[in-house]
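Undergrad: Read top to bottom, the protein sequences are chains A and B.
Numbering of the first sequence is given in the working numbering, commencing with residue 90 and proceeding in unit increments.
Numbering of the second sequence is given in the working numbering, commencing with residue 90 and proceeding in unit increments.
Read the hints as simulated data drawn from the structure, not as lab findings.
The reader is advised that the hints may include incorrect statements.
[Claimed, not checked] Cross-link-like lysine-lysine pairs, in silico, DSS-like; alpha carbons within 30 Å at most:
(1) Lys119(A) <-> Lys221(A)
(2) Lys221(B) <-> Lys119(B)
(3) Lys221(B) <-> Lys119(A)
(4) Lys119(A) <-> Lys119(B)
(5) Lys119(B) <-> Lys221(A)
Each chain, written out:
2 protein chains.
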Amino acid sequence: MNIVVGYVDSPEGEAALDQAIEESRLRGGKVVVVHSMVGGDHEDTDDYRRSAAAMERVHDRLHAEGVEHCTHEYVRGQEPARDLMGAVADHQAGLVVIGIRSRSATGKLILGSNALDILRDTSVPVLCVKRKAAVAG
Amino acid sequence: MNIVVGYVDSPEGEAALDQAIEESRLRGGKVVVVHSMVGGDHEDTDDYRRSAAAMERVHDRLHAEGVEHCTHEYVRGQEPARDLMGAVADHQAGLVVIGIRSRSATGKLILGSNALDILRDTSVPVLCVKRKAAVAG
Numbered sequence: 090m091n092i093v094v095g096y097v098d099s100p101e102g103e104a105a106l107d108q109a110i111e112e113s114r115l116r117g118g119k120v121v122v123v124h125s126m127v128g129g130d131h132e133d134t135d136d137y138r139r140s141a142a143a144m145e146r147v148h149d150r151l152h153a154e155g156v157e158h159c160t161h162e163y164v165r166g167q168e169p170a171r172d173l174m175g176a177v178a179d180h181q182a183g184l185v186v187i188g189i190r191s192r193s194a195t196g197k198l199i200l201g202s203n204a205l206d207i208l209r210d211t212s213v214p215v216l217c218v219k220r221k222a223a224v225a226g
Numbered sequence: 090m091n092i093v094v095g096y097v098d099s100p101e102g103e104a105a106l107d108q109a110i111e112e113s114r115l116r117g118g119k120v121v122v123v124h125s126m127v128g129g130d131h132e133d134t135d136d137y138r139r140s141a142a143a144m145e146r147v148h149d150r151l152h153a154e155g156v157e158h159c160t161h162e163y164v165r166g167q168e169p170a171r172d173l174m175g176a177v178a179d180h181q182a183g184l185v186v187i188g189i190r191s192r193s194a195t196g197k198l199i200l201g202s203n204a205l206d207i208l209r210d211t212s213v214p215v216l217c218v219k220r221k222a223a224v225a226g
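Between the sequences and the hints, there should be enough to build the whole structure, so can you do that?
TA: See below:
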């Protein structure tokens, strides 16, 4: 079963990637890494450069770990949820993995509109993971 | 890895249970079915009877399918999210499965406060599934 993971260069994105790798080992499918440029319409050259470098690290890691995968970078101004849905359809994926933020200092979950859109629009199961917690004593 | 599933007697609850069974087969753990009485503080005797009957069906199904499991019915007036978290801790579960509603006729996701609470409060990954769609032609 192919697995689509929404990747962003953040602890949440890394947690989602870790989980997607684990799921691909369990389920025997390929990992489809989808990166949508975030930050609205005003990404500059530095953002693109950072994004490309992050995706190269992702590719190198998956390659080194022997995980069948492909990567998609979308910079076409669509909502990330639409990019993910497109990848689900293109790769006939059976699972989506996304990273979600932990609660803020005020205890309120910062469940972004992207996460809500993905939960709303995806017909396949969505696995929501948080960044790794600091190790408790 | 043990798997906690939030069960309600609805198409979403059945979808969550189906997925939890699948995950337990993949991951080799037991399924912990948690049912919190819904509908606030005013459940009547019929509600309890229906709930008990539904949980008996769940038990019978898991037993017939040879799935190692246990069931918990909570009627102690806590929020369902707290009951689920308690089960995660008690059974050292590594995954939570919940059913979420599809979008409403107006296209708005009815992501209930229970689902949001669970996403906020759970440290382990949460797998969100929707009811089975009608089969497309």
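Undergrad: Indicate, hint by hint, whether the structure satisfies it.
TA: To see whether the hints hold, each was checked on the structure:
1. Lys119(A) <-> Lys221(A): Holds - the C-alpha atoms of Lys221(A) and Lys119(A) are around 23 Å apart, at most 30 Å.
2. Lys221(B) <-> Lys119(B): holds (23 Å)
3. Lys221(B) <-> Lys119(A): Judged against 30 Å, a Cα distance of about 24 Å means the pair holds.
4. Lys119(A) <-> Lys119(B): holds (26 Å)
5. Lys119(B) <-> Lys221(A): This hinted pair holds, its Cα atoms lying about 24 Å apart.
In summary, the structure agrees with every hint in the numbered list given earlier.
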